[in-house]
Amino acid sequence: MSNNPPKMTASHVDVYYGANHAIRDVSIDVCQEDVTAFIGPSGCGKSTFLRSLNRMNDTIPGARVSGDIRLDGDDIYAREMDVVQLRARVGMVFQKPNPFPKSIYENVAYGPKIHGLAQSKAELDRIVERSLSRAGLWNEVKDRLSDSGTALSGGQQQRLCIARAIAVDPEVILMDEPCSALDPVATARIEELIHDLRGRYAIVIVTHNMQQAARVSQRTAFFHLGQLIEYGDTSDIFTNPRQERTKDYITGRYG
Amino acid sequence: MSKSLVPHVPVSAAEVAPHRPTDWRSDAMERRVRRRYAAERRFRLMGLGAVVVSAGFLAFLLIVMIAQGHLGFVETRVTLPLDLRQARLGLTAERLRGPGADLALAGAGLERAVDAAANRAFATEGGAALLSDGAWLRVRDAVKRDPHLLGRPFTLDLPVASAIDVAAKGNGTPAAERTVAALGAHLSRGIARDFLTGADSTDATRAGIWGALKGSLLTMFVTLALAFPVGVLSAIYLEEYAPRNRATDFLEVSINNLAAVPSIVFGLLGLAVFLGTLHLPRSAPLVGGLTLALMTMPVIVIASRNAIRAVPPSIRDAALAVGASPIQVVSHHVLPLAAPGILTGTIIGMARALGETAPLLMIGMRAFIAAPPDRLTDPATALPVQIFLWSDQVSRGFVEKTSAAILVLLVFLLAMNGVAIFLRNRFETRW
Ligand SMILES: Nc1ncnc2c1ncn2[C@@H]1O[C@H](COP(=O)(O)OP(=O)(O)O)[C@@H](O)[C@H]1O
Ligand SMILES: [Mg+2]
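Residue numbers (the numbering used here), protein chains in the order written: chain F, 1 to 255; chain L, 1001 to 1431.
Everything labelled a hint here was simulated from the structure, so no lab data went into it.
Note that the coordinates shown come from a computational prediction; the quantities given were computed from them, not determined experimentally.
A hint or two may mislead.
[Unchecked claim] Derived CB-CB ranges, DEER-like: (1) L/A1017 <-> F/N20: 39 to 45 Å; (2) F/G116 <-> L/R1044: 29 to 35 Å; (3) L/A1415 <-> F/S42: 19 to 25 Å; (4) L/W1024 <-> F/S42: 35 to 41 Å; (5) L/P1313 <-> F/K121: 30 to 36 Å; (6) L/A1371 <-> F/D147: 43 to 49 Å; (7) L/A1247 <-> F/N20: 38 to 44 Å; (8) F/G116 <-> L/V1230: 31 to 37 Å; (9) F/T59 <-> L/A1371: 27 to 33 Å; (10) F/Q211 <-> L/V1230: 28 to 34 Å.
We treat Cβ as the ideally placed atom computed from N, Cα and C, and that holds for glycine.
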């Protein structure tokens, strides 16, 4: 077990979609310095749980979250928590790349603009360059920042979305199967990128790819039918799972 | 074959029954292919036929309207020799340069002088009766432009009376035809400026479309100013904020039904509410615009909701995930992407309102209005109502005016649709 301090703590979280009990009593700590992977068969509630960490579930009619989720000790579902700021602090990258139909520059500059993070155009330019560099995209797009973000390839679009999330200086980045729509080369780039970003941000990544989870993460959580079956260091989970169901899943006998 | 993870177990007898391979070249198969091709061809021909029929109707309408209507933009003129020195008008070139010129001209008896000149020049052909009632106004304007005309003989082409005008365009009574033949080379043609700048008149040669056009413009302005913001805001609220429950379902059904209500019902509503209860002025573009706004609003709401709903949810998620507030999501992302659809819907609704006659008749915009409206509360009429009124006139001169007015309305509609297409292309973004 790593002994970094927890960035986010979730305890006894339940999520319901109307009558559908999608997440059952999940407790988990996300550490500052780590990449945490969520694995499990489709429909087991990984995305649902991930979305409850930045309250994106609020936008789904009928979705209800109970339990306690804290960011740096503050209850994110508390009345005085501002959702808008929370989502800036806990960024998200989606399964399908979803750049705005605006220029590459505008895509990255949008977040800093609405949060007033830059005092001048020069500062905004710097934020855009830094974010695109961290996302490993700067060299590819620096000459065509005014082109539409939707004109990039799938892998570039996904890195643009990561740059967009980084631009508002989040503390946590949630990634929901960020490589599932990408080819192996683009996937490798994203994995490298996650590696580079590690430590700067707490990263949570949902993935269907066992090798990917093993490669990029330090901690792994295995979900099954809405329950957290096992959570621990990635090396332990993959070499020495304590639960039979975890073992079945990672060896491919299951799911 | 590698060993499968899942052992294969036959589930039904059908699975193990002997299987005959498909013969793609059998007679039955080829017949089926031929039938498929024939069906395709039939369907295409039917579609083509439908397009030809509708295009034919449109072309027929346009040809008839242009054939009749273009004469409405043209007037027949007769060349009249004038010598105002004999008329003793008491006008001097100096007085016409001063500030009292209009007053002096109005009281000088120019009309009588022009009639006298016509009686002299065309004694046998009908004299002053040849001229349009408004002919002397042309003389007045000419004198005002050039006061030296007071001091020397000159000739001026003046509009003829409606009966002669119709005859000169080949559609008159035998008597008028004879007069036209007698006048011969004294007649000429020119652009009917009065038609483009004047308002309604009982005399077809003086009747103009500008009054009705301006009435329509003012009415459309009121309609747009009210229906667009209210319609778009309602759509945004219903799509983005309203909870899904019985009340909003009911609202949705009501709006859809409202869009299908016959327009005359809105006229009755306007009559009862705006005139009956609120005592707004009758026949005013303000009331016409309010009434048409009621009719246009549901169209805009429905079009805007569809456009907003068509914005991919992934864009909303993306904006929310970087910390955009709901209002920012709407104003920065949803509205720009929905704009083409919203604008198209708005212009379709406005075009429908522009062509609407029945509700305007109900609120009194059918009165005879001889001056173009200047304010929203001035009595006015509107293009379709003017067309309706003129088509009802017995005087033959109004036939071509009616067609000409229809042409003006069509051009107005075309312009609006052009704007719609332009805006759609301008704002179209792909994702
Ligand atoms: N928007 C939604 N509305 C209703 N039910 C949902 C919604 N999203 C997910 N669910 C349900 O919640 C459960 C978990 O789904 P999800 O979190 O998407 O699983 P995963 O990401 O692990 O594949 C599933 O049973 C799914 O049907
Ligand atoms: Mg998922």
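The hints, checked one at a time:
1. L/A1017 <-> F/N20: 39 to 45 Å: Once the Cβ atoms are compared, 42 Å apart, the range 39 to 45 Å for F/N20 and L/A1017 holds.
2. F/G116 <-> L/R1044: 29 to 35 Å: Once the Cβ atoms are compared, 59 Å apart, the range 29 to 35 Å for L/R1044 and F/G116 is violated.
3. L/A1415 <-> F/S42: 19 to 25 Å: violated, 55 Å
4. L/W1024 <-> F/S42: 35 to 41 Å: The hinted range 35 to 41 Å holds for L/W1024 and F/S42, with Cβ atoms some 39 Å apart.
5. L/P1313 <-> F/K121: 30 to 36 Å: The hinted range 30 to 36 Å holds for L/P1313 and F/K121, with Cβ atoms some 32 Å apart.
6. L/A1371 <-> F/D147: 43 to 49 Å: Because 57 Å falls outside the window, the suggested range is violated.
7. L/A1247 <-> F/N20: 38 to 44 Å: Because 25 Å falls outside the window, the suggested range is violated.
8. F/G116 <-> L/V1230: 31 to 37 Å: holds, 32 Å
9. F/T59 <-> L/A1371: 27 to 33 Å: violated, 57 Å
10. F/Q211 <-> L/V1230: 28 to 34 Å: 57 Å Cβ-Cβ, so the 28 to 34 Å window is violated.
Comparing the model with each numbered hint stated earlier shows that hints 2, 3, 6, 7, 9, 10 do not hold.
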